[in-house]
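2 protein chains.
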Amino acid sequence: MAGMPAGDLQLTPESARLLAFLRDEGPRTRAQLAELSGSARSTVAARLEPLAAAGLIAAAGGGVSSGGRPAGFIAFQPGARILLAVDLGATHGVAALTDLAGTVLALEAADIDIADGPVAVLDWVIEAAERLRKRLGRPKADLAGVGIGLPGPVEHSTGLPTNPPIMPGWDRFDVIGYVRARIDAPVLVDNDVNLLALGEHATVWKQEDNLLFIKVATGIGAGIISGGRLQRGAQGSAGDLGHVRVPFSARTPRHGDANADLEALASGPGIARALTSIGVPASSSRDVVELAVALDPRATAAIRQAGRELGEVIATVVNVLNPSVIVVGGSIARAGEHLVAGIREVVFGQSTPLATRYLTITESHAGEAGGVIGAATMLIQYLLDPRDEVHR
Amino acid sequence: MAGMPAGDLQLTPESARLLAFLRDEGPRTRAQLAELSGSARSTVAARLEPLAAAGLIAAAGGGVSSGGRPAGFIAFQPGARILLAVDLGATHGVAALTDLAGTVLALEAADIDIADGPVAVLDWVIEAAERLRKRLGRPKADLAGVGIGLPGPVEHSTGLPTNPPIMPGWDRFDVIGYVRARIDAPVLVDNDVNLLALGEHATVWKQEDNLLFIKVATGIGAGIISGGRLQRGAQGSAGDLGHVRVPFSARTPRHGDANADLEALASGPGIARALTSIGVPASSSRDVVELAVALDPRATAAIRQAGRELGEVIATVVNVLNPSVIVVGGSIARAGEHLVAGIREVVFGQSTPLATRYLTITESHAGEAGGVIGAATMLIQYLLDPRDEVHR
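If you read the protein sequences in the order shown, they are chains A and B.
Okay, so the first sequence: first residue is 1 according to the numbering used here, each after it adds one.
Okay, so the second sequence: first residue is 393 according to the numbering used here, each after it adds one.
So here's chain A without its partners, still in its complex pose (with noise of 0.2 angstroms):
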């Protein structure tokens, strides 16, 4: 993630406290919040004020739904900004305008080539964003940030791309000048899976402090959060399950490499290889999804034997990061249950007892908008989380 400060809601850290308790807990009047903060009333409401001229909190009861709610409850007003949360991927783009608790209000997917170059996509999506915004009739004031995910590594300072390997054109392209240069709004770039683990972190395992997403399609990588927090590492490079070795002896004859990396075995085209070597054509992530879906045998078998290369890896990772979630995503996790079945064939005979005790592992359900939900989840924790800074 790398953003620009600039057009930032500016809140203090005092009023994001407050704003944060809100969005978890709900309306609360300026009594509640001055007994639970251990502040005066006159502190809250010095902080409150400016929420409220930005819009973002408003009287509870006044509205047409809010069914009759006792006057003097202060409630968070998600609809008081737009983002726009989009999610690139190699052959696929999704742009989607949210509200500040990153429910999708519009949406627009299309066929496009991340090939093309930053220039032709890029374009694509500030035009779709135009559409959006028209579509749901807001100005373009209302728009707060824009968050984007690239199907490649990003370094986490600039937010450049960084040696893509599925993106030509795009090797430290200035993603976000070239956005901004046409959207004022602060822009963040991240890599998919790291948007992917938050998206599924905000929506489904919100309780979860450590969880795992993997993704599994043309590329193998994985997006970390632990300890609540999204871990990018040093030079925005943690994930990268793709480049580790796999144990030879954790193979199939038919691998003899034995310095293959995971993603050679175990991706789409790793499994297209295997199975093209036993007598079944086929070249892709999408041919080896079709074969699967047919319910191809030797596909089925061939996918769940990726799933045991990747338990191989992922039973060390379990061991090191004691997760209690790991969601498997991508288009080979959605071809069927046999990926799931062989990673967790390996990993609870592998990994120790006390890691795996807890431990669930489950496919992704996030579907299309997993992207875009992630995409606005990183823009609204930079927008309005607390930072613990003495400065901001």
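The hints are simulated quantities; they were obtained by calculation from the structure and are not laboratory data.
A quick note: this is a predicted structure, and the numbers were derived from the prediction, not measured.
Do not take every clue at face value.
The following residues of chain A were derived to be distant from chain B, with all beta-carbon distances above 12 angstroms [unchecked claim]:
| # | residue |
| --- | --- |
| 1 | Pro-153 |
| 2 | Gly-169 |
| 3 | Ala-181 |
| 4 | Val-204 |
| 5 | Arg-334 |
What follows is a set of in silico ranges between Cβ atoms, one per label pair, in the way DEER data are often shown [as the list claims (entries may be wrong)]:
| # | chain 1 | residue 1 | chain 2 | residue 2 | range |
| --- | --- | --- | --- | --- | --- |
| 6 | A | Ala-141 | B | Gln-599 | 48 to 58 angstroms |
| 7 | A | Ser-284 | B | Lys-598 | 41 to 51 angstroms |
| 8 | A | Arg-298 | B | Asp-777 | 50 to 60 angstroms |
| 9 | A | Val-280 | B | Leu-687 | 57 to 67 angstroms |
| 10 | A | Val-104 | B | Asp-566 | 44 to 54 angstroms |
| 11 | A | Asp-123 | B | Ala-493 | 46 to 56 angstroms |
| 12 | B | Lys-598 | A | Lys-206 | 30 to 40 angstroms |
| 13 | B | Leu-428 | A | Lys-206 | 27 to 37 angstroms |
| 14 | B | Glu-519 | A | Val-204 | 50 to 60 angstroms |
All C-beta atoms, glycine included, are put in the ideal place defined by N, C-alpha and C.
Since the structure of chain A is provided, determine the placement of chain B on it from the hints.
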């Protein structure tokens, strides 16, 4: 880590944030603090008042050694309280009193036997604390907290040792309750490797947010700092490197068991078994260290091979967590450069260039006090660091 809030210094988040600033950045005037925090002078004064009342801050320039700083500067007073920091190993215990900056003021080390059980060992801790306190001439009321590191797994939510393999009699013993009945202060308990990671981070690598501390002795474990925070995982078992299965291809022929875990191969006793199998009798970490210090080439070769086996597992962790620093400690690491050399050989050969370009792998130089500095760091974070809660 688990603790009891009673006896806490009970700082409000706002006061804690000002204190954190003075701790990190040094003395400032009220006017500077007001400007930096964007608050009114009166607000800053109100937040400083409880810090002054607790003795945690005082006017700088009034002291003998202040060197003529202009009047009006306010400084953190690390000597306002003392902390009891304890590091317990299998056969060795260290108890120290530190100030609120983690500086060791007095220390006592003893040969203990953790297998004597919790009552005998903790009674030594309590008696040592009393001797140290009297040596410093500080009243009991000055002790603000107790931090204890144990050589085994500790359940995060309760502080209870959980099936600790080398600690007979300690399983689910209420360490916190036993100590608190004798010392009236908050008590925190964690495993020793987590504390070694915290201590190394606080003293040597403060600017690095992603650090891995690996201890290689009778057992093998890791403490993980990611995103600037110690990561414990869902049940507190994060960092369990010792029970990861080592790829068969990575081993020398001496290791025939395909299901052997890292600890069976690369710990002190594992290296001793390998040496015994080639006609060099050894049975413990201590034997291995003695042979290595005497420069026995078979011992140094066996330690280097253990480093390679560690490297096979660490290479995966590097891809997954993208740390910037790996610190290797424990008795086997202290026996020479052979262990770290073996780790480096494999990790720099196997992990991805993006993950290793800026990676440092080094020995720990913390020495005997490393564990107690970590215990003090845990306490200081608990007592003084701002927490993100409306209600505290």
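- Kindly indicate which numbered hints from before are broken by the structure, ordering the numbers from low to high. Checked against the structure, the hints that fail are numbers 1 and 6, while the rest are satisfied.
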